[in-house]
Structures are given as C-alpha cells and as structure tokens.
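Q: Sequence:
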Amino acid sequence: MDTTKKGGIPFHVLMFLGFFIGLAVGLYVNLYVGAETPWVQTVTSSVTGPIGQLFLGLLFMLVLPLLFSAIVVGVAEMGDLGSLGRVGWKTLALTVVVSSIAVLIGLALVNYFRPGDGVDPALAQSLLAQYADSARGIVENAPERVDLGQFFLDLVPRNVFAAAAENQVLPFMVFAVFFGIGLVLVRSKATDALQQAITGLFEVMMKLLTIVISVAPIAIACLMFNLAALFGWDLLARLAAYVGVAVAAMAIHMFIVYPIFVWVLGGKNPFAFFAQVRDPMVVAFSTASSNATLPVSLRAAETELKLPRKIARFVLTVGATANQNGTALFEGVTVLFLAQFFGVDLSLNQQIVVMLVCILGGIGTAGVPAGSLPVIAMILVMVGVPAEGIGLILGVDRFLDMCRTTLNVTGDLVVATVVSRGEKDPVTAEPEPIAPAV
219 MDTTKKGGIP FHVLMFLGFF IGLAVGLYVN LYVGAETPWV QTVTSSVTGP
269 IGQLFLGLLF MLVLPLLFSA IVVGVAEMGD LGSLGRVGWK TLALTVVVSS
319 IAVLIGLALV NYFRPGDGVD PALAQSLLAQ YADSARGIVE NAPERVDLGQ
369 FFLDLVPRNV FAAAAENQVL PFMVFAVFFG IGLVLVRSKA TDALQQAITG
419 LFEVMMKLLT IVISVAPIAI ACLMFNLAAL FGWDLLARLA AYVGVAVAAM
469 AIHMFIVYPI FVWVLGGKNP FAFFAQVRDP MVVAFSTASS NATLPVSLRA
519 AETELKLPRK IARFVLTVGA TANQNGTALF EGVTVLFLAQ FFGVDLSLNQ
569 QIVVMLVCIL GGIGTAGVPA GSLPVIAMIL VMVGVPAEGI GLILGVDRFL
619 DMCRTTLNVT GDLVVATVVS RGEKDPVTAE PEPIAPAV
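Mind the numbering: the sequence shown is residues 219 to 656 in my numbering, read in order.
These are calculated hints, taken from the structure and not from any lab test. Quick caveat: nothing in here was measured; it's all calculated off a predicted structure. Certain hints may be false.
Cross-link-like lysine-lysine pairs, in silico, DSBU-like; alpha carbons within 35 Å at most [what the hints assert, rightly or not]:
(1) 486 <-> 407
(2) 308 <-> 407
(3) 528 <-> 425
(4) 407 <-> 425
Please work from the sequences and hints to get the whole structure.
A: Following this line, the structure appears as structure tokens:
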C-alpha cells in the first residue's frame, strides 16, 4: 500500500493528524460546550456521524470478497503440497497452532486486565443506542448459551450463498478454506485458470481497499470527534490501557512462545535465531507490511538461518499471507477491548467465535498496513459491538501495526525454521547458475 500522499506527507502522519484533530476538537466540545448542545447533536448526527458510517460501510462492502479471495489464494498457494508432501501440512498445522496460542494470550490478558472497563455505563449505553440501528441486522449476534455440538455443526454452511447474504462470516470462511484445499487437490488447466481468476479478484479487492483506506484520516477525525465529544478524558485513559495490554500480549508471544518453538521444535538457539533475523524484524517494524518485508525475510532465511531454499521460499511466501498470528492476536485484543468499553458482556461461546474468526482471519488478512481493519469491523458487529468504536484504535493503529507486523514476520521465520528441521532440499545440492554480467 502506498504510504505517502501528495506532497510527500507520510500516510501514517495523516492518520495521526486525523486522530489528534478529531480527539482535540471532541474533547474541547465535551469540556466547554457540552455533548447535549443542539448544534453539537446536529453535527454528530448529520455530518461527522454519516462520514464515519460511510467509511465503515465501504469496509463492510469489501470484507467478504476480500476474505474469500485471500483465504482461497493463501491456501491454494500451497500448490507444492504434492511435491513437498508433509512440509505443506506441517506448515499449515504450525500456522494454526501458533495463531491459536497468540489469540489465547491476547484474550487472556484482556480478560484479566480489562482495559476497556471504567467508562461511565450511561455514556456507553448512550453511544450503543446512538449506533444501534446501524449495527442491527448486519450480522446476527452469536448465541448466548454454549452448545459446542451445534456450534461445530453451524461451522458448515448448508447454503454458502445464504451464509454470505446473511454475513455469517465464520461458516463462509470455512467454505473458503475448503475451496482452497480443493484447488490444491485438483490440478488441471481449468482449476489453474480459476485460481488465477480468484487471484485477480484478490488484487481488485486489495486495490479497492487501498482506495478506501486512503480516506481513513478524514474518517478517523470524524469518528474520534464523535467519541471524544461523548466520552471526554475517559477515552484517553482507556486507550492507553488498551495499547499497554496489546503490546504486552505481543511481547509475551515474541519473547516466550517463539523461543520455545525455535528451541524445542526447531533445535536452534533462540538468541542466535533472533540475531540472524534482526534485519527482517527491523524492516517489518518500519514498513508495517509483511509483503514488503518478504524479500528481506527470504534473504535472511537462506543466508543467515541457512534453511533449505525451496522450503524457506514456500513457507515464507505462504506465511506472508496465511501466517498472520500477530494480526490474529491484535484482532482478538481489539474486539474484547471495545466490547468492554461499550459494556457488551461477551459469553464464553462468543469469545470462542471471536478466537476462531481471528485465527481464520489471520489467513485472510492482507499483508499490508491497516489490512486487518475490515476483519475487525466485521467481528465487531458479529458480537453486537458498535463498529463505529473502531475509531478508538485507528489513531494508534500505526504503532500497533508496526508491532504486530514484526510479530507476523518473525512468526513466519519461526515456522520456516521448525518445518526445515530434518528436511533436505534437493535444490540446495546444486547452486543456481549465475547469469553472466551484461
């Protein structure tokens, strides 16, 4: 994604400006004018509110085709499963396990520290009521009672088109995974053409997402104005707590979970591992893009980690799209934080749904800055949280995006290290010919 605007202003700077301008004006209105003043009500309901709603509506419009195409392409790109055999399935299994651990860490910390608590319930309910109509009917809430048998039955859509029309995201994502597996198992000219067409759909959705995200600074300013005008200084305290919990969860995953996998399953010294992957970690943190970091990761895997070339290329290329465990963690933390902020009590079953959608969403999240926003917006309405609340985190999303992208890229290299243990790549037996200088 292009991170600059006309005049060379970095896009994340515009995001920060939108965030702080909306926050500052909203706080001023809250402190010195009052949220109940007639003209403030008119502005929030007729100007800033609709602009923020339009931005979110565009995200909702793109989310299903984006998720479908990204998941199918991510799974189907494991087309080397026939030749790599166990390597592909080992990669997929590790991706699911590592992402599950990441989401569980995030959910555990949010439930323990509850960074979203402490907001005046009357104000939270006021905002809930304000946006109730926009969220109603978009996605049905998850059931309140835990019925694991019915839950797993509901994962398989009886009618995939009906599931898509009713925005039943989790069954639709399961269908996308199975569709991608089908493309891996059936190889013909027709399926190759179909995969190419779905790849084209993904590229179109990515371009449209880029266009939508380009207006995010204006939408952020409007969303933050509405939220700050209503919540005042409570907003800043809750936001700081949210960032602290999110970074703590990522740090636990980075410096405890990853070293265990590298040491126990990869047979490698964790200190040596982190020293050898420092370059892709720095690039990932600075660009906030897994795709942009991929060439640096490939170089580190081959020259520093000394992994088999073919296996490293396969695992890291797939991982740039499919192994987004840092993003999955971030999505889980964000959804539960906003649920606490707005006083929405999520049942155990709803949190399980959040966890599974985050894991599958990690496969379907674009490896570009702000690529997780559509998934978060959809999960919010799935569990009955006002999607407009996403404006709370957009201003600090750039920093958190840098952190979770670093986690994503490092996780790709961890999986590549574990999968490569005991594997020999015939490609490495003979060095690739070097083209003569022109």
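Q: Against the structure, test the hints numbered earlier, and report the numbers of the ones violated in rising order.
A: Those not satisfied come down to hint 1.
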